[in-house]
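With chain E's structure known, arrange chain P on it following the hints.
Taken in order, these protein sequences are the chains called E and P. Counting along the first sequence from 1, when you hit position 156 you're at 156 in this note's numbering, and nothing is skipped either side. Counting along the second sequence from 1, when you hit position 22 you're at 22 in this note's numbering, and nothing is skipped either side.
Be a bit skeptical, because a hint or two may be false.
Below, in silico cross-link-like pairs of lysine-lysine (DSS-like), each with a Cα-Cα straight-line distance of 30 Å or less [to be verified]:
1) K139/P <-> K13/E
2) K139/P <-> K164/E
3) K304/P <-> K164/E
Partial pick of chain P residues on the chain E-facing surface, computed with a CB cut under 7 Å [as the list claims (entries may be wrong)]:
4) Y13
5) N29
6) Q33
7) D158
8) H199
9) D200
10) S202
11) M205
12) S206
13) D209
14) E210
15) S243
16) G309
If you are wondering where the hints come from, they were derived from the structure by calculation, not from laboratory data. Remember, predicted model here, so these are calculated numbers, not experimental data. The C-beta atom is built at its ideal place from N, Cα and C for all residues, glycine as well.
The chain contents come next:
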Amino acid sequence: MLQIDHLTTADAKVSLDDVSFLFEAGNIYTILGRTGAGKTELLRALMGLNPLTDGEVKLDKENITKRPIRDRNMSLVYQQFINYPHLSVLDNVAFPLRRQGKKKAQAQALASTMLGTVGLGDFLHRRPSQLSGGQQQRVALARAMVKQSSILMLDEPLANLDYKLREQLREEFPRLVSDNEESVILYTTTEPREAMELGNTMIVMHDGKIIASGAPADLFANPPTKDTASVISDPPISFISGFVSNKTLYFGEGQIAPSDGLQLPPDGPVTIALRPNAIERGGDFSAKIGLSEFSGSQTIIHLDFAFGRAIMMVDGIEAFNSGDDLRISIQAEQMMLFAPDGRNITIRDNQDG
Amino acid sequence: MAKIVLENLGHSYLPNPKGEHDFALKPVNLTWQDGKTYALLGPSGCGKTTMLNIISGLVPPSHGRLLFDDQDVTKVPTSARNIAQVFQFPVIYSTKTVRQNLAFPLECRGMAPAKIKQRVAEVATLLDLDYALDMPARKLSADQKQLISLGRGLVREDVSAILLDEPLTVIDPQMKFMLRRKLREINRQTGMTMILVTHDQSEAMSFADEIVVMKDGLLQQSGTPEELFSRPQNDFVGYFIGSPPMNMITLEPNLGLLCTAALNLTKPLPLESNATVYQMGIRPEHIVMAAKETNSIGMGKIIKIEHLGVDGIVTLELPTGVVIKAKTRKHTEMNVGNTMGISVCDEDALLYIDGTLSSSSR
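If we strip away everything but chain E, and leave its shape as in the complex, we get (with noise of 0.2 Å):
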């Protein structure tokens, strides 16, 4: 159980924001967050390697703040394929253990079990520069779990890999860290889908803040603010501005009355939100088509309205010309509404939706 209480670092570049939570073994955390949110430099201060200008790092209910680096039980894989050039793929990941006084036979035994977990059984005796992008990868990931640690960080381990590569690694992640059920497992990521396919418990982050947790699909599903709602929403999620006046939602040229699968909130202004699920085709709104673009058996479309622009997609493979006009009709229990605070406000109409 590794526990943070209101980590603040004065880093020059990003840095955390009384960032305070509570990890429990077992347990894969995703972090997700666009490049500067501070991911990177929460699992620099859990390793030491940020001084913190306020707050406590407890391991276990020991407070191990000031504790140095190697003595914290700690493991990191980097972005970037990091490995001793000079060392065999064998005793990369004897490494650690050697370094931790293991006899040179049993240091190897486990180290090679370990590689035949990760799938680098046959490669133990090349060089890490004989190995592809991905099987380098695989050896940092195998030399990290090798040591057992109580925490195993994972900052965008994929980042560097090639898209195919990267989803077969996506696949195999539960099995690969399957021998560390007992740590707590950190991944970042700035990918939204990659955060919701591998964590338990997915936690987002902006601006060195934690701003939202939770289970991945509840979290899609129900983001707290609007900003957790733009972080993980791949497609992006298109923000309208409207004022509910009078039991309807004004938008635009368009209004929805409540009986929609919608309760609206109290008189004032609100912010819509879209996601590509929210808008079909055909109906009351005239949207301009900015581009289409085909992804897979799916048509994305880019479309302009006189009052914002948004994301929709198609089922199929459409042709649709930039500059065209298109009706469209917006879902109202798809949509989402966010106070000018930005909380989400949005509640369903059960009996209707």
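Frame of chain E; chain P shown alone:
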């Protein structure tokens, strides 16, 4: 602006290539039309960067010819090819302002100051960067810096084509969306041919009018995104295009038919075939699941559900232990352990013979 023709173009980094495997790029014939967008797609080491470097003139090809508007430019140096390039990491003068960055290529060519001013203003408008002209370039975000890199190529009026070498790698997912749209708009407004190198199939699909898929230096298939998705010519394209990859189910010959115990779906056994492997390729997007058995071609038990946001990926185990994946938006209504009826349109189940799409499925 130019039509680009690759005529039997190949490259070996060895002085005397013996066989096919000595070629980083095996000889290929391709024609790229003026004003369209193209993507060179493949895994690391597939030869896509070699191809790009040949087009820009950084690598002289060992075999074949390269034509810009029917002119042989195979031996023309990079500086005389009028190519603009954008790289993986933004290349900008960080101490200069955006305006100075955009003006620099023109100053180097000795263009008159009034003309430079006009061109810089035009390009800044095209890039939506008018407001930033007097900001220091280092203050911009990664996606804006990439636009400046592009703008430095666009200001020149003599550019034949824009080469983009994985330009979206350092950009966050949501910003990629916006930058891709911007690139397409620039293509439409300027009519400039754009060639994108990428390993990311989704990026290639959404950017390009036509995609060239490569593997081990060999052209696998060249076609529109739609063709690559719905009719992959071989099992590699089926795997590489689409996420998750195409499901491949092994078929056994039986009484003139090719069948599987996993699904009630057959293909006629081609006459005079002495192939060793027959497979049915089905896209995860083409599998329809229903709670009941109506109109289904088989049943599968859900063993995994992945929530990816609006979409989900459902892993199904079929009776004989065959595992397939289906993509759906109804995943939130399903549970692991449920048994689902499976339907697939016949035209979406493709026959692959020894890894190549059968002529009957084309």
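A quick look at each hint next to the structure:
1. K139/P <-> K13/E: 13 Å, holds
2. K139/P <-> K164/E: With a Cα-Cα distance of about 34 Å, the restraint between K139/P and K164/E is violated, given a limit of 30 Å.
3. K304/P <-> K164/E: 20 Å, holds
4. Y13: 18 Å, violated
5. N29: Violated - the Cβ of N29/P stays beyond 7 Å from chain E, reaching only about 25 Å at its closest.
6. Q33: Hint on Q33/P: violated, closest Cβ of chain E at ~17 Å, above 7 Å.
7. D158: 27 Å, violated
8. H199: Holds, because the Cβ-Cβ distance from H199/P to chain E comes to roughly 4 Å (cut-off 7 Å).
9. D200: 4 Å, holds
10. S202: With Cβ-Cβ at 6 Å, under 7 Å, it holds.
11. M205: It holds, given that the least Cβ distance between M205/P and chain E is near 5 Å, below 7 Å.
12. S206: Hint holds; S206/P Cβ to chain E Cβ min 4 Å, cut 7 Å.
13. D209: Constraint on D209/P not satisfied, violated at 10 Å.
14. E210: 12 Å, violated
15. S243: 6 Å, holds
16. G309: Check passed: Cβ of G309/P comes within 6 Å of chain E, closer than 7 Å.
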